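Enquirer: Mind docking chain B on chain A? Use the hints.
Number of protein chains: 2
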Amino acid sequence: MVVLDDEIAKELGVGALDRVLLKRDEREIVAIVNIGRRLPLDAIAVYDEVAKVLDVREGEYVEVKPVESPKSSGYIKDKIRGTRLRYNEVLEIIKDIVEGRLSDVEIAALVTTLHHQGMSLDEAYYFAKAMVETGERLDLGVKPVLDKHSLGGVPGDKTTILVVPIIASLGFYIPKTSSRAITSPAGTADRVEALAPVDLDIEEMKKVVLKTGGCMVWGGALHLAPADDIIIRVEYPLSIDPFFTPSIMAKKYAVGATHVIIDIPTGRGAKVKTIEEARKIGRDLIEVGRRLGMILQCAVTYGEEPIGYAIGPNLEAREALKAIMGRGPTDLINKAVSLAGTLLEMVGKENGKYLAWESLRLGKAERKLREIIEAQGGDPKIKPEDIPIGDKKVVIRSQKKGRVLWINNAIIARIARIAGAPKDKGAGVRLYVKIGDHVKEGDPLFEIRAEVGYKLQAAEEIVETSIPINVGKLEEEMLITKIPVGTFEQRLFLIER
Amino acid sequence: MVVLDDEIAKELGVGALDRVLLKRDEREIVAIVNIGRRLPLDAIAVYDEVAKVLDVREGEYVEVKPVESPKSSGYIKDKIRGTRLRYNEVLEIIKDIVEGRLSDVEIAALVTTLHHQGMSLDEAYYFAKAMVETGERLDLGVKPVLDKHSLGGVPGDKTTILVVPIIASLGFYIPKTSSRAITSPAGTADRVEALAPVDLDIEEMKKVVLKTGGCMVWGGALHLAPADDIIIRVEYPLSIDPFFTPSIMAKKYAVGATHVIIDIPTGRGAKVKTIEEARKIGRDLIEVGRRLGMILQCAVTYGEEPIGYAIGPNLEAREALKAIMGRGPTDLINKAVSLAGTLLEMVGKENGKYLAWESLRLGKAERKLREIIEAQGGDPKIKPEDIPIGDKKVVIRSQKKGRVLWINNAIIARIARIAGAPKDKGAGVRLYVKIGDHVKEGDPLFEIRAEVGYKLQAAEEIVETSIPINVGKLEEEMLITKIPVGTFEQRLFLIER
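Going down the list, the sequences are from chains A and B.
For the first sequence, the tail end lands on 584 under my numbering, and the numbers increase by one without skipping.
For the second sequence, the tail end lands on 584 under my numbering, and the numbers increase by one without skipping.
So here's chain A without its partners, still in its complex pose (with noise of 0.2 Å):
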């Protein structure tokens, strides 16, 4: 974006959102107008990426004139139309998006429009397509290579720090990259950084891999499927995500993987609320997979509360390096032996849950977590009580007796994010009881961790207009909820890819 004065606009003809093509001896750039008001009228206000691509310093010359918008703003009008986009059109759309060609308003006219006439199994494999060849690549120059992606939505879930070790463990390779959080307490990246560094460059990521097997590191540096960046920066503010199956095979196309597990937690409280809409998408993404020479499953697991006991970056390290240890709770256990499982017999392996379980329980996985830690910087040694936590506390009691009917994963993911996670690394909740326990009245529910005092409180807050978890007798419990009257209701939307 570039600011022009709005009588310089007027002389030049553009208007608002036209573009302008900026030239400066050999070197030039085609930017987005922006008008202003009374600045000199031979001045023109640029960012610095813009200064440093034209090598222009301030009180310098450039050249300045209206250019054409570019082909890819067409087709989004003819996208917008309802015409089906070709390769090619894709391709020239998704340059643009990383080449800055673009400007936000067609950018969330394209996603807004893909979210109303949905995306058709060609675009979905085109934009994916366009989103890899934009960005950059890893070629590990082996194979088979396997991956895991989770769609997410359900706090707490760290089995990627599992099912990354047990995979390499058995002498494959999972070069895993994963987010931070967006919306949620803790994103997978966030989760790992408590255990050593994943700001690792391509370079840096592909000798960890080759040397260990595995790695699990932070994409976001990395560009892979860049355009993916812009076009959530996009979606976040909207609360849509039409580009969901593209964005995600984009990622996992980008590292090589020939044989991915999706794992699709479903449940009220995650982000895919019935077994019916998983299959939906599950179908979805394994067809553009196949076109982009890969072969996924997709497993849909319980989502309906968080996974383990521990919610934030550190607690949940926490609990997954003891788990990893032999101390890990079930339902976390379950999950990654089942993935990995499920990923080793893609590969050919027989019983694979039971390789797995092996790994783990012959400590195989542990040494290779360490080892992975090592080679991206961490402390092999580390033990769970090194990684720190919040030391303000607050335990959250049951004031009746009774099961725990449901846990809110929306309110229990509020609560640590109020608390500070994942900024504040130590922030989060930590779970005493699941679904069906039974407690008596002050029984220890939850309890909040915080860094600083006032989070703490913040988040207590919460607890006292809201049922984070809900004890009682089923048969007394049929009120769910009141559909609010004339307020704004709270709204929460998970994008975690």
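Pairs count within a copy or across copies, as identical chains cannot be separated in the list.
Straight-line alpha carbon distances no greater than 35 Å define the calculated DSBU-like cross-link-like pairs of lysine-lysine that follow: (1) K182 / K510; (2) K488 / K360; (3) K510 / K152; (4) K470 / K298; (5) K97 / K182; (6) K510 / K139; (7) K521 / K560.
Note that these hints are calculated values from the structure, not bench results.
These numbers come from a predicted model, not from an experiment.
Expert: Here is chain B on its own, set in the frame of chain A:
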């Protein structure tokens, strides 16, 4: 918009397009975040308008804190999910658009969603009402107040310059506001500007109308329905127009109109292609007008070719002035008295068309036009020859004998624009023929006028690769066009309000 360093943004827990509150002493403003890199860590970059609101200068401190999205952002998300908006929600959205609290992404998503889902009559009414309530209004303190609006799309339509003086000359009030050209060679405001200043403020406009009965001013600076201007800015690059009905009705409602004639030029080369389409548009306008307390009539007019012979601001002003002086082309005169006549009958006059004719024939309309010109600050004695037109010209001649089968409005408009219109006021096109005229080989079809040589050349080049005016025998011209293969087709989109 403000620009924060990415480190600071992370610290505050805000991302791109999130909102922050800037505070300095008692002054505050909400701004949308843009992320920069390598900014000084304690610095924040703001636009002049933000600095002005805060009364802050370089080097001074402001308080910055994250704020929740405005309620209207949630209403837009609701709309994306398909809810029907209520009036208080629409008002909130429009307020926030006017006050800059919604981002381009959110406005684009709203516009795109309304394009795909359509806007109900209720919503159109709500948007029109909200647009007026958040802007300036003209209160003449008289009744009835007449008004006229054209949907546009036909080049050379200078009808307003005749209709306003005719109506005013018969003792009625007609406070006409017009737009400048957006995609066309001339808007009514551009045409009138050749006769008198059009940049009046609302008080000056009121004075002119109360004195002369009419006015013809530019609507852009009056802040009538200011939300509309912001919405158009987003619609335009997307070539969609879902706010069509409310934005027209808002502009009429804001000047206190009680009786409005809407001109719907219809034909293959116009914005509205078929009579069925015109009827549908008309019905919506009439109903939304009715809810706002206005009486509307819609006139479907012939839009297959330009109105009169002149296209371009000054060429058209000349033709309109000549016409009101008794030497006008038949189609222009007929259109003007038809529309004026309908308006007159709407307020109870009998034989409206005859009355309009008489006003023209007796010179009453001309005297009224000159009164209005004088009241707006122009020269009341202006003669057609006083209006300067481009001195560069080229005449395009027919290459065969036959009848004029069709005139391509879009190509004629494009030629006029490439020749310099509307910026070069003397540039444009003058037709020598209209549909149905007989021509011989070598007869002139039209001339292009320009103020600048290279623009004349560029306009002439278009003629070589297109058929602006087709001459022949109908039975030998069955091929209309070919659908281009694999190339990017020129798109033409008209927004004229």
